[in-house]
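Throw the hints in and build the complete structure from the sequences for me.
2 protein chains.
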Amino acid sequence: MGGLGRPDGIAMDVKTVCLGMLTEGEASGYDLKKEFESSFGHCFAAGYGSIYPALAQLAESGAVSCEEIPQEGKPDRKVYRITDTGWEQLLAELDNPSPSHKIRSEFLAQIAFAHLMTPEQIQRVLDSRIEDAEEKLRIIDEFECSCDQEWPVGARFALGFGRTMVAAMKTYVEENRHMFESDEQKKAAAR
Amino acid sequence: MGGLGRPDGIAMDVKTVCLGMLTEGEASGYDLKKEFESSFGHCFAAGYGSIYPALAQLAESGAVSCEEIPQEGKPDRKVYRITDTGWEQLLAELDNPSPSHKIRSEFLAQIAFAHLMTPEQIQRVLDSRIEDAEEKLRIIDEFECSCDQEWPVGARFALGFGRTMVAAMKTYVEENRHMFESDEQKKAAAR
DNA sequence: ACTTTATATATCGAACTGATAGTATGCATC
DNA sequence: GATGCATACTATCAGTTCGATATATAAAGT
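Taken in order, these protein sequences are the chains called A and B.
Residue 148 in my numbering sits at position 123 of the first sequence, with consecutive numbering throughout.
Residue 64 in my numbering sits at position 39 of the second sequence, with consecutive numbering throughout.
No lab work stands behind these hints: they were computed from the structure.
Just so you know, not all the hints are guaranteed correct.
A pair holds if it fits inside one copy or across any two, identical chains being indistinguishable in the list.
Unchecked claim - Under the rule of at most 16 Å between Cα atoms (straight-line distance), these lysine to aspartate or glutamate pairs were calculated in the EDC-like manner:
| hint | residue 1 | residue 2 |
| --- | --- | --- |
| 1 | K127 | E62 |
| 2 | K195 | D152 |
| 3 | K58 | D38 |
| 4 | K103 | E169 |
| 5 | K127 | E160 |
| 6 | K103 | E92 |
| 7 | K195 | D157 |
| 8 | K127 | D157 |
| 9 | K103 | E85 |
| 10 | K127 | E156 |
| 11 | K103 | E93 |
| 12 | K195 | D109 |
| 13 | K212 | E49 |
| 14 | K59 | E49 |
Set out below in structure tokens:
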């Protein structure tokens with residue numbers, strides 16, 4: 026499942042997402058990082074450690090061009106633009122009919138061993154997950170308001186998807202945390 | 026957020042999950058892989074490329090012991106058991122109050138650029154996502170029925186969490202795929 | 001005067017992914 | 001009876017990514 030038999034180097038990785046972002050105009054690595062945090066933060070994270078090597082590889086393969094703008098005292102600002110080769114490559118990469126959707130949850134992995142934790146530890150973990158969900162909802166809502174209509178459909182779909190998932194997560198945790206209540210706590214709550 | 030300031034080597038990584046699995050009894054790398062596929066498949070994937078090095082490191086640090094059972098013609102079967110040191114380490118690692126929950130979705134990253142795809146490409150991607158969700162629901166339900174009550178709370182919570190998320194994903198895609206319909210398709214649907 | 005935030009680059013080790021490789025047994029299909 | 005496929009079991013390796021860290025300046029807040 027998820028792209029079996031796809032030819033070499035064709036995948037929706039950091040390189041491809043950078044390429045896609047560059048279709049909306051030139052940008053520096055720093056600019057792209059900001060976009061990874063805002064519009065893609067909820068579904069596809071990337072740090073400088075991935076972005077800079079990705080841009081270097083794209084430049085080497087000719088998918089992007091790079092203009093170095095010298096600045097006094099600071100390191101040069103490098104501005105990247107997508108090339109015709111880059112467009113071709115991007116469209117080929119967008120042809121994947123079954124892109125993956127993966128979850129890596131230290132949260133769930135830890136809570137699966139809740140029977141080895143104290144009730145206090147469990148409650149703290151659940152509280153922090155709810156807080157995290159609320160913060161993500163705030164970020165998404167803020168972002169959604171600030172742009173709204175003029176966005177491409179796909180971006181709106183993706184953001185709505187993220188919102189729905191985070192909201193479902195929060196609800197699940199709130200409605201099922203009682204599972205971890207010990208008998209004493211249940212008695213206390215009943216009183 | 027997400028474990029800031031946690032001391033070195035303390036994290037809910039593949040090593041720790043292996044250690045946790047070994048609290049339920051001795052196992053080989055192969056056994057652990059199967060458990061990663063069944064009970065943890067929906068939230069924390071790991072392949073042999075992570076598991077074998079993890080076990081080797083755990084053995085080297087003394088967190089697990091390893092018994093090599095010679096077999097004719099085949100490579101030795103290596104059975105691992107958690108040690109007292111391993112228990113200590115595991116309990117320390119389970120003390121993390123804010124474990125992460127990360128999503129890496131090639132699906133959403135790709136769909137964010139739907140305006141560069143053909144309607145057929147988009148529909149195929151959405152169909153395959155729904156199929157994937159249905160398959161995961163089938164796997165979870167099957168697994169849930171086969172065990173049910175005798176499971177530790179945490180495992181039941183985690184499995185229910187996974188189920189809820191996958192169901193929410195399926196519903197969202199089904200209820201919002203109309204966003205990608207072109208004007209012509211909408212007219213055709215109205216007739 | 002001091003600290004934080006923003007702009008901007010980049011690297012490095014550790015961890016993880018996905019593919020591949022090897023070897024044997026058994027079971028079904030042609 | 002041969003061929004192929006699934007299961008059992010090990011393991012490695014190149015490429016990617018993660019998270020932290022380093023460096024340097026300017027603006028803006030306290």
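Now for the hints, and whether the structure bears them out:
{"no.": "1", "hint": "K127 <-> E62", "in the structure": "between (18 Å within a copy, 13 Å between copies)"}
{"no.": "2", "hint": "K195 <-> D152", "in the structure": "within (10 Å within a copy, 27 Å between copies)"}
{"no.": "3", "hint": "K58 <-> D38", "in the structure": "within (14 Å within a copy, 25 Å between copies)"}
{"no.": "4", "hint": "K103 <-> E169", "in the structure": "neither (30 Å within a copy, 53 Å between copies)"}
{"no.": "5", "hint": "K127 <-> E160", "in the structure": "between (21 Å within a copy, 14 Å between copies)"}
{"no.": "6", "hint": "K103 <-> E92", "in the structure": "within (6 Å within a copy, 55 Å between copies)"}
{"no.": "7", "hint": "K195 <-> D157", "in the structure": "within (9 Å within a copy, 23 Å between copies)"}
{"no.": "8", "hint": "K127 <-> D157", "in the structure": "between (19 Å within a copy, 11 Å between copies)"}
{"no.": "9", "hint": "K103 <-> E85", "in the structure": "within (14 Å within a copy, 45 Å between copies)"}
{"no.": "10", "hint": "K127 <-> E156", "in the structure": "between (22 Å within a copy, 15 Å between copies)"}
{"no.": "11", "hint": "K103 <-> E93", "in the structure": "within (5 Å within a copy, 55 Å between copies)"}
{"no.": "12", "hint": "K195 <-> D109", "in the structure": "neither (44 Å within a copy, 36 Å between copies)"}
{"no.": "13", "hint": "K212 <-> E49", "in the structure": "neither (59 Å within a copy, 30 Å between copies)"}
{"no.": "14", "hint": "K59 <-> E49", "in the structure": "within (14 Å within a copy, 44 Å between copies)"}
The structure does not agree with the numbered hints 4, 12, 13 stated previously, though it agrees with the rest.
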